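Chemist: The numbering of the sequence shown is the numbering used here, which starts it at 55 and goes up by one.
For the record, the hints were derived by calculation from the structure and aren't laboratory data.
Values in this document were obtained by computation on a predicted structure and should not be read as measured data.
Some clues are possibly wrong.
[What the hints assert, rightly or not] Below, simulated BS3-like cross-link-like pairs (lysine-lysine); rule was C-alpha separation at most 27 Å, straight line:
1) K152 to K133
2) K81 to K133
3) K152 to K81
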Amino acid sequence: MKDEITPVAVDIEIGGQTERYTLIITKLERRFESCSELLGGDRTGLAAQVTVCQPGRDSGDTFFLSRLVGEEDWVIDAKFGANGFPHFSHGFGSRVTKLRSLLPALTDPLDAAARERGLARVIGRDLPLTLSS
Numbered sequence: 055m056k057d058e059i060t061p062v063a064v065d066i067e068i069g070g071q072t073e074r075y076t077l078i079i080t081k082l083e084r085r086f087e088s089c090s091e092l093l094g095g096d097r098t099g100l101a102a103q104v105t106v107c108q109p110g111r112d113s114g115d116t117f118f119l120s121r122l123v124g125e126e127d128w129v130i131d132a133k134f135g136a137n138g139f140p141h142f143s144h145g146f147g148s149r150v151t152k153l154r155s156l157l158p159a160l161t162d163p164l165d166a167a168a169r170e171r172g173l174a175r176v177i178g179r180d181l182p183l184t185l186s187s
């Protein structure tokens with residue numbers, strides 16, 4: 055299926071004020087990567103590319119995320135600034151560094167999109183990912 059650019063408005067409370075961010079989902083797909091045991095073994099799950107735009111901006115930081123089968127949250131594999139500067143970059147599903155995630159308000163739309171696209175049978179906050187057959 056061709057990826058669709060999907061902007062989603064997300065309200066986030068910061069310091070007692072609610073700010074409206076825009077989450078742009080540019081890629082969401084099922085992914086399998088075969089790796090040697092030395093690199094942690096095979097990885098199966100979902101891969102996503104999203105851009106998070108601050109209020110009033112048309113560009114923002116781009117994140118590459120993964121959620122492997124059985125995991126309860128999305129993990130940031132790579133982060134690039136709005137200007138393309140790489141803050142860090144790890145391979146799909148790398149779990150050998152400190153795990154970082156986005157706020158749940160920013161990952162909830164990914165969960166919903168995975169359900170809508172038929173990629174996941176079970177997905178949500180604190181629910182282990184089960185892929186659709």
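Chemist: If a hint holds in the structure, say so; if it does not, say that too.
Modeler: To see whether the hints hold, each was checked on the structure:
1. K152 to K133: Given that 27 Å is the threshold and the Cα spacing comes to 14 Å, the pair holds.
2. K81 to K133: It holds: about 15 Å lies between the C-alpha atoms, which stays within 27 Å.
3. K152 to K81: holds, 24 Å
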